[in-house]
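Numbered per the working numbering, the sequence shown spans residues 1 to 118.
One thing to keep in mind: the hints can contain errors.
As the list claims (entries may be wrong) - Cross-link-like lysine-lysine pairs, in silico, DSS-like; alpha carbons within 27 Å at most:
1. LYS64 <-> LYS75
2. LYS86 <-> LYS43
3. LYS64 <-> LYS86
4. LYS64 <-> LYS43
If you are wondering where the hints come from, they were derived from the structure by calculation, not from laboratory data.
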Amino acid sequence: QVQLVESGGGLVQPGGSLRLACAASGRTFIYYTVAWFRQPPGKGREFVASITWNSYTDYVDSVKGRFTISRDNAKNTVYLQMNSLKQEDTAVYYCAARDAARTEYDTWGQGTQVTVSS
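Construct all of the structure, not just a fragment, from the sequences and the given hints.
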């Protein structure tokens, strides 16, 4: 069983940057697809980005060109580099993982708060 822990959230001004990290423990997740989701205040959780075991990436349209997902399998960690942040990016960000044979994400972290405000 993989456990996930997010870090790197915080308060940033509009236009600023943050890098989130999702560290896995328990077993290697080299063959897992890992994704970032977010839940803005008062809204439902939404997909942000994902990366497969062979580094194929996917993004929601609203973050394309601003966010970059990457992984370091040697460190069992997936990153989300967030640039040009906007107030509407304010949310709790969660990482999630699934192995290649599954279609649903079945392992989730506890979340990290990102607040974009002047």
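Here is what the structure says about each hint:
Pair hint LYS64 plus LYS75 holds up; C-alpha atoms about 25 Å apart against a cutoff of 27 Å. Of the supplied pair hints, the one linking LYS86 and LYS43 holds, its CA atoms being roughly 17 Å apart against a limit of 27 Å. For the hint linking LYS64 to LYS86, the alpha-carbon distance of about 13 Å falls within 27 Å, and the restraint holds. Our distance criterion of 27 Å between C-alpha atoms is met by LYS64 and LYS43, whose separation comes to about 21 Å.
Checked against the numbered hints listed earlier, the structure breaks none of them; every hint is satisfied.
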